[in-house]
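With chain A held as given, fit chain B onto it using these hints.
One letter stands for each residue in the lines below.
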Amino acid sequence: MNESVAREVPAPPSEVEDEFIETLEDDEQNGRRRIALELTLTAAVIVVSLALWSFLASLTSPLVLPAPGRVGEVIVDITKNGSVFKHIETTTLEIILGFILGSAIGLGAGIALAWSPLLRRLASPYLVASQAVPKLALAPMFTLWLGYGIASKVVIAALIAFFPLLENTVVGLCAVESEKLMLFKSLLANEIQTFTKLRLPHARPYIFAGLRMAMLFATVGAIVGEYVGSDVGLGAMIIVSDGTMNTTLMFAVLIILTALGILLYKLVQWMEMLFQRGGVVARLRRTR
Amino acid sequence: MTHAEALTSSAHRTAMNSTAAIRVTDLYKTYRSVAGPVRALEGIDVDIRPGEFVSLIGKSGCGKSTLLQIIAGLVRPSRGKVLLEDVPVVKASRKVGLVFQKSVLLEWRTILDNVLLPVELFHLVRAGYVDRARELLGMMGLAGFENSYPDELSGGMQQRAAIVRSLLCDPDILLMDEPFGALDALTREQMNVELLRIWQASGKTIIFVTHDIAEAVFLSDRVILLSERPGRVKEIVKIELPRPRTIETTYLPQFADYRRHLREQLG
Chain A
1 MNESVAREVP APPSEVEDEF IETLEDDEQN GRRRIALELT LTAAVIVVSL
51 ALWSFLASLT SPLVLPAPGR VGEVIVDITK NGSVFKHIET TTLEIILGFI
101 LGSAIGLGAG IALAWSPLLR RLASPYLVAS QAVPKLALAP MFTLWLGYGI
151 ASKVVIAALI AFFPLLENTV VGLCAVESEK LMLFKSLLAN EIQTFTKLRL
201 PHARPYIFAG LRMAMLFATV GAIVGEYVGS DVGLGAMIIV SDGTMNTTLM
251 FAVLIILTAL GILLYKLVQW MEMLFQRGGV VARLRRTR
Chain B
1 MTHAEALTSS AHRTAMNSTA AIRVTDLYKT YRSVAGPVRA LEGIDVDIRP
51 GEFVSLIGKS GCGKSTLLQI IAGLVRPSRG KVLLEDVPVV KASRKVGLVF
101 QKSVLLEWRT ILDNVLLPVE LFHLVRAGYV DRARELLGMM GLAGFENSYP
151 DELSGGMQQR AAIVRSLLCD PDILLMDEPF GALDALTREQ MNVELLRIWQ
201 ASGKTIIFVT HDIAEAVFLS DRVILLSERP GRVKEIVKIE LPRPRTIETT
251 YLPQFADYRR HLREQLG
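Residue numbers (my numbering), protein chains in the order written: chain A, 1 to 288; chain B, 1 to 267.
The following block holds chain A by itself, in its conformation from the complex (with noise of 0.2 Å):
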């Protein structure tokens, strides 16, 4: 009798559910299929487009428009000779520095002006003066000035990455809802607990936004500060393909930098993710 009540009642719930699991396993299966589909454009894209390069290369000279093959060719020749990591690494030590002095000046800068109204009026004019100018353009005087060697890529590549992440770091500062800052005063928060508590975790995707820019941007600074003056980089070594008629060439180095750029932003991306929210650092922080 129990039994019988016991199998009974549960009934309509349990119809219910397996209703709400078919639902589930349709999603599953539509997930599937999207994924399939989205892999299979994807290559779709990439045979398409070589397919493209192919037939536009036969057209034409290998001195304007190398074919994919000979390209994948000199790749796995500089890979392999080695001829090609010293410039991998010399520009990506630019690159890091570049982005690393960028992102402390461009934090430091946008913490201390979100901090002080009075010091955010005083610096804006020149903040936006510092903008305005064709930075790219001022690549030649830092050369002049800190000569050949990386310490004037690095400053090219800080210059343009300070910025965006500045901009990002005093939005995300300030655009606290005054509800979260009413509620942090009625808590009797002092002014480091609202900033550690309130305002740069709110802050935080703004910032990540800003790193991410800042990454792209001083890749670019890196390479331009590498044409202006240098024998050894990347961007050195598109000077001299270019020089030396060798477009194969310069098509592999830019194709190299292009995934050396993906790679850098990547890593942006992937820290940005210890910091999430249930991410490693939050979780750390909850055991102590």
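Computed spacing ranges between beta-carbons, pair by pair:
| no. | chain 1 | residue 1 | chain 2 | residue 2 | range |
| --- | --- | --- | --- | --- | --- |
| 1 | A | Glu191 | B | Val38 | 27 to 37 Å |
| 2 | B | Asp45 | A | Gln269 | 58 to 68 Å |
| 3 | B | Asp184 | A | Leu52 | 53 to 63 Å |
| 4 | B | Asp151 | A | Gly31 | 18 to 28 Å |
| 5 | B | Gly51 | A | Glu179 | 27 to 37 Å |
| 6 | A | Val176 | B | Thr25 | 31 to 41 Å |
| 7 | B | Gly51 | A | Leu200 | 36 to 46 Å |
| 8 | A | Leu200 | B | Asp151 | 18 to 28 Å |
| 9 | A | Gln269 | B | Val38 | 47 to 57 Å |
| 10 | B | Val38 | A | Leu200 | 29 to 39 Å |
| 11 | B | Asp45 | A | Val176 | 31 to 41 Å |
| 12 | A | Gly82 | B | Asp151 | 49 to 59 Å |
Cross-link-like lysine-lysine pairs, in silico, DSSO-like; alpha carbons within 30 Å at most:
| no. | chain 1 | residue 1 | chain 2 | residue 2 |
| --- | --- | --- | --- | --- |
| 13 | A | Lys185 | B | Lys102 |
| 14 | A | Lys185 | B | Lys59 |
| 15 | B | Lys102 | A | Lys197 |
Simulated from the structure, these hints should not be mistaken for lab results.
Where a beta carbon is used, it is the ideal one built from N, C-alpha and C, also for glycine.
For chain B alone, kept in the frame of chain A given last:
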């Protein structure tokens, strides 16, 4: 007042005041604005007993939120003063818990961490409050959501978490600024019943700002009606409905009478 009385008046007044959890005397608030000064509050005098549940109602813009913020020590009055348990309010106090219209949870913190925020900001030891936080979350039907993030909860659940946050450090006074204003009618009804349960169990003094007459009647010992700007106390209505109140209370004829009276007074 005679000379002798004046001499002893300070001690005398303290004894008198000890009956009031919140005493608002001759309070004025004028805001400066581009269009000139705006008088928000004018000559407010209110005494609230310990453990009393008082609602402030009035049309929007009548200064009820301003009054609450002055009592909370977040806004300075232009004239007059507020005493909390005989102590003049000059800034926010740990004795006061605040609940806003929005839940104001920090979206990067879990519910448990959000609820524990006051403990951190007061420099108290977190470990001493975790159990209490879990217990209160359980009481408010949020057991199992400790490690969820605010955006994973419904509006009603978020507001409940905000109430837990305001209760965690056990303030004597709870100031609530239209806390259920953004909730749907059914959730709101349920929250009102829960709030009364907590209030009755804890004996806290509550000031509840609302523009919903039925809500004010249902919850309160007294309803303070503010006039349109500048806000003055237009009438104080004592609600003598039996407690504990339930949804059944709202069907009583007296309930309808109070509602009608307040509605007419509100104009």
